[in-house]
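Number of protein chains: 2
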Amino acid sequence: MGYAVIFMHRQFSLQPYSRHYTHSTNCFLDFMELRNDGIIGVNPNHAQKMRLVLEKYRQAKKHEALLFIEFVTVTDYLFLLRSVTSIMSDLNERALYYLAAAVSDFFIPSQKMAQHKIQSGEGALTLKMDQVPKFLKPMVMNWVPRGFIVSFKLETDSNLLVDKARHALTRYGHQIVIGNLLETRKIE
Amino acid sequence: MGYAVIFMHRQFSLQPYSRHYTHSTNCFLDFMELRNDGIIGVNPNHAQKMRLVLEKYRQAKKHEALLFIEFVTVTDYLFLLRSVTSIMSDLNERALYYLAAAVSDFFIPSQKMAQHKIQSGEGALTLKMDQVPKFLKPMVMNWVPRGFIVSFKLETDSNLLVDKARHALTRYGHQIVIGNLLETRKIE
Chain A
476 MGYAVIFMHR QFSLQPYSRH YTHSTNCFLD FMELRNDGII GVNPNHAQKM
526 RLVLEKYRQA KKHEALLFIE FVTVTDYLFL LRSVTSIMSD LNERALYYLA
576 AAVSDFFIPS QKMAQHKIQS GEGALTLKMD QVPKFLKPMV MNWVPRGFIV
626 SFKLETDSNL LVDKARHALT RYGHQIVIGN LLETRKIE
Chain B
476 MGYAVIFMHR QFSLQPYSRH YTHSTNCFLD FMELRNDGII GVNPNHAQKM
526 RLVLEKYRQA KKHEALLFIE FVTVTDYLFL LRSVTSIMSD LNERALYYLA
576 AAVSDFFIPS QKMAQHKIQS GEGALTLKMD QVPKFLKPMV MNWVPRGFIV
626 SFKLETDSNL LVDKARHALT RYGHQIVIGN LLETRKIE
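In order, the protein sequence lines correspond to chains A and B. Numbering-wise (my numbering), the first sequence opens with residue 476 and increments by one. Numbering-wise (my numbering), the second sequence opens with residue 476 and increments by one.
Any copy, or any two copies together, can satisfy a pair, since identical chains are not distinguished.
Taking lysine to aspartate or glutamate and the DMTMM-like style, the derived pairs with C-alpha atoms no more than 25 Å apart in a straight line are:
hint : residue 1 : residue 2
1    : Lys531    : Asp512
2    : Lys587    : Asp632
3    : Lys661    : Asp638
4    : Lys612    : Glu630
5    : Lys661    : Asp551
6    : Lys524    : Asp505
7    : Lys603    : Glu630
8    : Lys592    : Asp551
9    : Lys609    : Glu630
10   : Lys609    : Asp551
11   : Lys628    : Glu597
12   : Lys592    : Glu630
13   : Lys592    : Asp605
14   : Lys628    : Glu663
15   : Lys587    : Glu597
16   : Lys628    : Glu568
17   : Lys661    : Glu630
18   : Lys537    : Glu508
19   : Lys592    : Asp638
20   : Lys536    : Asp512
21   : Lys639    : Asp605
22   : Lys592    : Glu658
23   : Lys587    : Glu658
24   : Lys592    : Asp632
25   : Lys639    : Glu597
Just so you know, these hints were derived from the structure itself, not from any lab.
Throw the hints in and build the complete structure from the sequences for me.
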């Protein structure tokens, strides 16, 4: 049967299956055609691939193997992550947590946010941002102590990458840390 | 024939026609169905609407009445706007400029950007952002002095809105300024 997947994602991010179409420069309407009888078909050049995608998507839905949960702010994300991991903690190492969301390191807590739109007439703007609470350690220590956790370390400086990834491995007790360099992350 | 449209938009924003499908919570694959003969069809509940959307989209493309140009940064946006308006300025008031992009008021110029990812170990972050160059005035004065310009003023404070919208009208010499309050902009 394989894994069932809970796909926690930022609103409007790429999603499984539909990702082949939603963010393409040509929107999916370019893959469709209007037949003379008024019926909408799929362009023959794209039909085979779309059928495969659609079949897999239907399978996943039919077997209730895919749940989408969306978030917008980093606060939403952290509360969601805590809830989901708490619920799943009984699965122990049979649950794999794949922490691929690029969560920001800094944020402005709601109580420090301006009530109204910031007026731009007064020149430069200085923003003070707080650090996002570190959640990788409590996640392992308290939420899912026996979960199988795969996390990511992204850097732009290749001299830092390996040390920081290794540090994350020992410090957070994750099972796997995947180190990526920003420039080469899509090809290496 | 109506207008031909140059749709300058932020990458991955909503786009004409496909907007009915790309950003819905259920991705467009939910509108499709796999028939027994292996052919992909459109769910009967959605076929009529999709046919109308597809027909209009095909018409616009056939008549070369729709050009998509995408940008990512505010700098891209400003250079693009200057190029497009300069090319179109000979059309005078027959060209309508509908400035609906929510361009940020502040940005970090590339020469002031950190070279590497900012490390988060050192507590809070202070960001100094410059004002985005004001382009509404030069647009009218220099780029398209006789164009028909519709601009937008968004505020969160209803006490400021009318004055600021009126001020924009006289200060920039736009033909129309549409004032919106953030909370009610989609219903009023």
